[in-house]
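Trainee: One-letter residues, chain by chain:
There are 2 protein chains.
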Amino acid sequence: MSPGVWRYSDIQKEKTNLLDAANAKPDTAKLNLWEKIPFPLVESQIQISKQNGKLYMRFPLEKDEQIYGLGLQFKQVNRRGRVYDLHMDHYGGVDNGRTHAPVPFYVSSKGYGVLINTARYITVYVGTGVRVDSPNPPRVYNRNTDEDWKAQPLSDAVEVLVPVDEAEVILFAGRSPLDVVRKYNLYSGGGCLPPKWGLGFMYRTHTKYTSEDVIKEVEEFDKHEFPLDCIGLEPGWMDRSYPCSYEWDSVRFPDPESFVKTLLNKNIRTNLWINPYLAPRSGLYEPMKQYAGSHTVWNGIVPDYSLAGARKVFTDFYEREQLNIGVSGLKIDEADGYDRWLWPDVATFPSGVDAEQMRQTYGLYLQDMLLEEYHKKNIRTYGLVRASNAGASRFPFVIYNDYYNHEDFITAMINSGFSGVLWTPEVRSSASGEEWLRRMQTVCFSPMAMINAWSSGTKPWSYPEVFEAVREVAAMRMQLLPYIYSTFADYHFNGTPPIRPMPLVEGFVDDDGEEAGKLDDTLNPYKLATKKDIKDQYMFGDNILVAPVFTGQTSRSVILPKGKWFDFYSGVYAGENEIITIRATLEKIPLFVRDGGIIPMIPSRRHAPINGELLPLEVRHYGDSEGTFLLYDDDGETFDYEKGEFSWTELRTTKDQQGRLLGAETKVSTTIFSYRDITWRFMTK
Amino acid sequence: MSPGVWRYSDIQKEKTNLLDAANAKPDTAKLNLWEKIPFPLVESQIQISKQNGKLYMRFPLEKDEQIYGLGLQFKQVNRRGRVYDLHMDHYGGVDNGRTHAPVPFYVSSKGYGVLINTARYITVYVGTGVRVDSPNPPRVYNRNTDEDWKAQPLSDAVEVLVPVDEAEVILFAGRSPLDVVRKYNLYSGGGCLPPKWGLGFMYRTHTKYTSEDVIKEVEEFDKHEFPLDCIGLEPGWMDRSYPCSYEWDSVRFPDPESFVKTLLNKNIRTNLWINPYLAPRSGLYEPMKQYAGSHTVWNGIVPDYSLAGARKVFTDFYEREQLNIGVSGLKIDEADGYDRWLWPDVATFPSGVDAEQMRQTYGLYLQDMLLEEYHKKNIRTYGLVRASNAGASRFPFVIYNDYYNHEDFITAMINSGFSGVLWTPEVRSSASGEEWLRRMQTVCFSPMAMINAWSSGTKPWSYPEVFEAVREVAAMRMQLLPYIYSTFADYHFNGTPPIRPMPLVEGFVDDDGEEAGKLDDTLNPYKLATKKDIKDQYMFGDNILVAPVFTGQTSRSVILPKGKWFDFYSGVYAGENEIITIRATLEKIPLFVRDGGIIPMIPSRRHAPINGELLPLEVRHYGDSEGTFLLYDDDGETFDYEKGEFSWTELRTTKDQQGRLLGAETKVSTTIFSYRDITWRFMTK
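Read top to bottom, the protein sequences are chains A and B.
Following this note's numbering, the numbering of the first sequence begins with 149 at its first residue and continues without gaps.
Following this note's numbering, the numbering of the second sequence begins with 149 at its first residue and continues without gaps.
Worth double-checking, as some hints may not be accurate.
Identical copies go unnamed one by one, so any copy, or any two together, can satisfy a pair.
Said to hold, decoys possible - Heads up, simulated DSS-like pairs for lysine-lysine below, C-alpha to C-alpha not over 30 Å straight-line:
#, residue 1, residue 2
1, K607, K791
2, K675, K437
3, K163, K223
4, K666, K356
5, K211, K437
6, K198, K161
7, K437, K198
8, K223, K675
9, K173, K184
10, K356, K409
11, K258, K184
12, K356, K675
13, K364, K666
14, K607, K666
15, K178, K163
16, K680, K437
17, K679, K356
18, K791, K679
19, K803, K414
20, K524, K364
21, K525, K736
22, K163, K437
23, K258, K173
24, K525, K680
25, K666, K223
26, K675, K607
27, K675, K364
28, K178, K815
Since the hints were derived computationally from the structure, they do not count as laboratory data.
Work the whole structure out from these sequences, hints included.
Mentor: Structure below.
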């Protein structure tokens, strides 16, 4: 189809499928720029057959090959040797495939990826089944006598069951796993480019807040000198919720328009919580009823948003009541599950889309509908969603959930980078100041820096003993906005995921180390080995390696890939191609920068840059190698970048004849460039 | 079909289905003895339709109706408001439908039950979905303002998705939920009748034991005066396992025949562990290979036991090598899962049975094959299996697993009573003497009293501080054998489950109490209510209510149904129709007997009664009402009871003119009766 992109031609996709539900249009122009690359697998080793109305698929696996992806799992990164039933759901604490983004796309360490474009629940056996006629049979051990016996003999294939006989299979190949992910994202239309304010700080207020409460809260942010770009309102903004009216509560919010404008005048956006289930007493109910599915959720009807009619009912209302008064976007809750209150798989929808398909795609339809609405107005949005899937990279929505395990939130963020989705480890409340700070540190190095106080009412300063450090990391987030915004531009234009798992980092080697299990008749009767899994560190953009510290830790180990690495704060050399152990201070989240890494920063501020502002730029350089960084800029608010209204500025360090590093920039635009007084700072002495 | 049994006639069953795989033949003679009963539901409220190649089913639910069953779940008993994907698997700690006996049969508190006879993975929504056009819509609350808002509005239907368009639906009705379960079991051919020795004590030795080690262990049982009826050998009896040879290890067991005979001479049976996966170096491998599925498990081939050819290969071998030398039965391990090593759903089998169907039925095929083999020889067997399903009640196999949570083991035992399967809370090892004793107490009030020391090597006397109490409860088990054997006869002839959940007990009312949830933004964001679930007490046969005590408990509450209840040990009145709180002594498991309850007992002994023995019988009576008990007897070893070679003796207490209780028995047979010197003991003064 494009260089390094192939589609299996013998079977057809179903009418309802993920990419079409996501309205994903391949960025063919970008994809065609890639160099040609040979087909990465031995074709005869791929088997795709129809049997009993189902599709049985097999893709070969090499002995030392590792597999990643398959959506937003929370506990493991390396997928080999595991089984996933990809099924849209509220994550339930087990990595079994039921999650908020059960993306049927996997990436191999060998530089290729496979997308099964289907809206069915599929089962993916990632190197578990061993065939009788396998050409690479594992050695047979005798458990009675061989200590080396393993509960899981090595399998030489990924196998997939699709419960219908139609599905699109697309294979991506690249020179590295990162290139494969880039192509996958470009195939979905590229990554999203959030508005600049979206990368600042969001605070979601208590659900029962009135407009006065919110304004007071904003003043408190002023007093505490804490950044704030967006206020999120939780269910209480509506006059009824669960099921929802989508109509402002006239007591708590007597004048929504003036409320939203008041915030906007302070450079603060308003984001509104909704879930998709419409209350009988909503004005939308009657016009929407004809487009509703057979079952209710929390007594609300479920609009069939695969239908243009349903979309129009919603968007006409939304445009009139929310968008036109200045609402910046939505948090779309509970489009994922869970089973006990979502529509059952026996539900029917007027479009004829199966309940199963509707469940896998509902979040996609909702995101597409809302993005299209903002696009029409030429205003960018940046919101939240709890259900996404394949083809979603262009959607400016960040996934979140209720699960709230800090360590697992970071693993989820890492996994998001393989699957073309964004994840925020949102902060709600904490058992201690230490936990509060540790969570705040990581959320500031995520796609959305946010506190969600919907129930707890917690403020950034609720733990006074750590507030200085909390403010410091939030300030750091604001200083890094030029770096972060350029990182997202790379996501948009090149498909490069802003959160990068270590297996996508050049110089990182996943050795598939296993720790042998210890036999225990009740705890480990099969003597299961534990896979060493790198799930607590990641790259934030090209240059910053983040090594979060969790509550209770006083030190941690960090894997530094090949090439030298330097401490972000001091510029001091930290190591190369080794595992280092660092002492964890409470105040700072450990960050490392690669050799030659360039990081553009602005002074600390309380709001993201506003279109037209000119800001001084400090460009930091780390290490002793030359480096380059492409600084992206545009108006930060509209879709005019689609018409070419943007600039890339090359920031470059070179060595003079004495070997001293010098900085330089190549401006390509004077009009689309928000920076002045560029100063270079060489962090490594 | 029979009084109170209906089959839905508009759709056909699939060729491969559970009842046929179980070779279940309805006991029509018994079923026809029941009185006629009207159809229990409004027929028009049942909907079964084919859509997109699947079956969508709906059965009505009344507001105060409770639903039980759906197989061996471990954490809850009451199914209402929950969703189950019935899927054969290793239980994984969550009641989601994946378990060792995912039986698609549910029982209503309203006195009917529904069986979906399909070998597919089906999803059952037990009162979760609420339809837009429901005639009984729940009240709509506003979560913003109503404290009464619930995350789960009451649904008026059970809904079922079957992923193919064929399935048999059978509805059972009775005057009570117990009668419904009886009919379901009779429809499967009635319950199993174990040999008498099977109800004694089983000890499974360490996997590495030699025949000498085993004989020494048996001597230790003698020395410790501990009952022993069956020795179980774990994988080490074979020369290779995982995958298995099924061939004796010539070093550890140089003379199997004399070994088995030596034990038999001591009245001890031998049970052998196997799993179904055949090693390349087994003599069975070559003849079986033609019948094997496409995938291996632990490098062993998976015989397709739906084929007569495969069965013959196995049973010819088994008869020659094991049965004919006196082996009493098997423990059939790992026929259930789990996904990471079982065959994947893309596996194929020579019979054409789908991998999914094979997984749901594999345990049934294995049990049927083995039972048939012993039946042919007119020798009863009693063994273990880790995978079962609908139609299994006649199989003399008890389910067990590795999960090992004591409380949840009891919940599983309770749930087994709704689903026509047997469960043992087997004891392996314990963290303390207290835990060891508590586990031993419950396993002695289960279908199989067993220690499984395969890995730990633990002995009954390994915790000396509690050994006296351990021996006491094991002795109690042996004393109760006439009661337990009669209880199983009632299972066999009348379908009455030996382990009876409280909702099957007359006089017990399940009030569906809910405890309102407490909102917590991270722990309970939906303010989910907790269902009060009676999952820690059950009836063992008709008369004994067992209220297990778990480690750490010093007291517990016990729900006594309507009618008076008496302490088993003292005969003292305990209460009626109330919740009592009892102090838990370490030495005794709390037991209560219903008013008029009669319990026949023999003197404590080290082996179950042997055919031909004549034993003194003590008949205990509790309370102050008259009562009757049907004492069953037969040879205890063969299937001659199928030819009428058995006796039922009525034990009856009546009051004389002064109101004093007197005991009497009506013997119907002198030849088939193992008891002499019947003495009556009136426990309640």
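Trainee: So, for every hint listed, does it hold in this structure?
Mentor: Here is how each hint holds up against the structure:
1. K607 / K791: neither (40 Å within a copy, 79 Å between copies)
2. K675 / K437: between (55 Å within a copy, 29 Å between copies)
3. K163 / K223: neither (33 Å within a copy, 41 Å between copies)
4. K666 / K356: between (51 Å within a copy, 17 Å between copies)
5. K211 / K437: between (54 Å within a copy, 26 Å between copies)
6. K198 / K161: Intra 13 Å, inter 23 Å, cutoff 30 Å: intra and inter.
7. K437 / K198: between (39 Å within a copy, 25 Å between copies)
8. K223 / K675: both (20 Å within a copy, 25 Å between copies)
9. K173 / K184: within (21 Å within a copy, 64 Å between copies)
10. K356 / K409: Close inside one copy (20 Å), not across copies (78 Å); limit 30 Å.
11. K258 / K184: within (17 Å within a copy, 68 Å between copies)
12. K356 / K675: between (51 Å within a copy, 16 Å between copies)
13. K364 / K666: So K364 and K666 pass the 30 Å test across copies only (28 Å; inside, 57 Å).
14. K607 / K666: between (45 Å within a copy, 22 Å between copies)
15. K178 / K163: The answer is within: 27 Å in one copy meets 30 Å, while 53 Å across copies does not.
16. K680 / K437: So K680 and K437 fail the 30 Å test inside a copy (51 Å) and across (37 Å) alike.
17. K679 / K356: between (45 Å within a copy, 28 Å between copies)
18. K791 / K679: neither (47 Å within a copy, 58 Å between copies)
19. K803 / K414: Neither way: K803 and K414 sit 45 Å apart in one copy and 91 Å across, limit 30 Å.
20. K524 / K364: Intra 34 Å, inter 85 Å, cutoff 30 Å: neither.
21. K525 / K736: Classified as neither; 41 Å inside a copy, 76 Å across copies.
22. K163 / K437: within (24 Å within a copy, 42 Å between copies)
23. K258 / K173: within (26 Å within a copy, 55 Å between copies)
24. K525 / K680: Close neither inside one copy (48 Å) nor across copies (53 Å); limit 30 Å.
25. K666 / K223: both (21 Å within a copy, 28 Å between copies)
26. K675 / K607: between (46 Å within a copy, 23 Å between copies)
27. K675 / K364: This pair counts as between: shortest inter-copy Cα distance 29 Å, intra-copy 58 Å.
28. K178 / K815: within (23 Å within a copy, 92 Å between copies)
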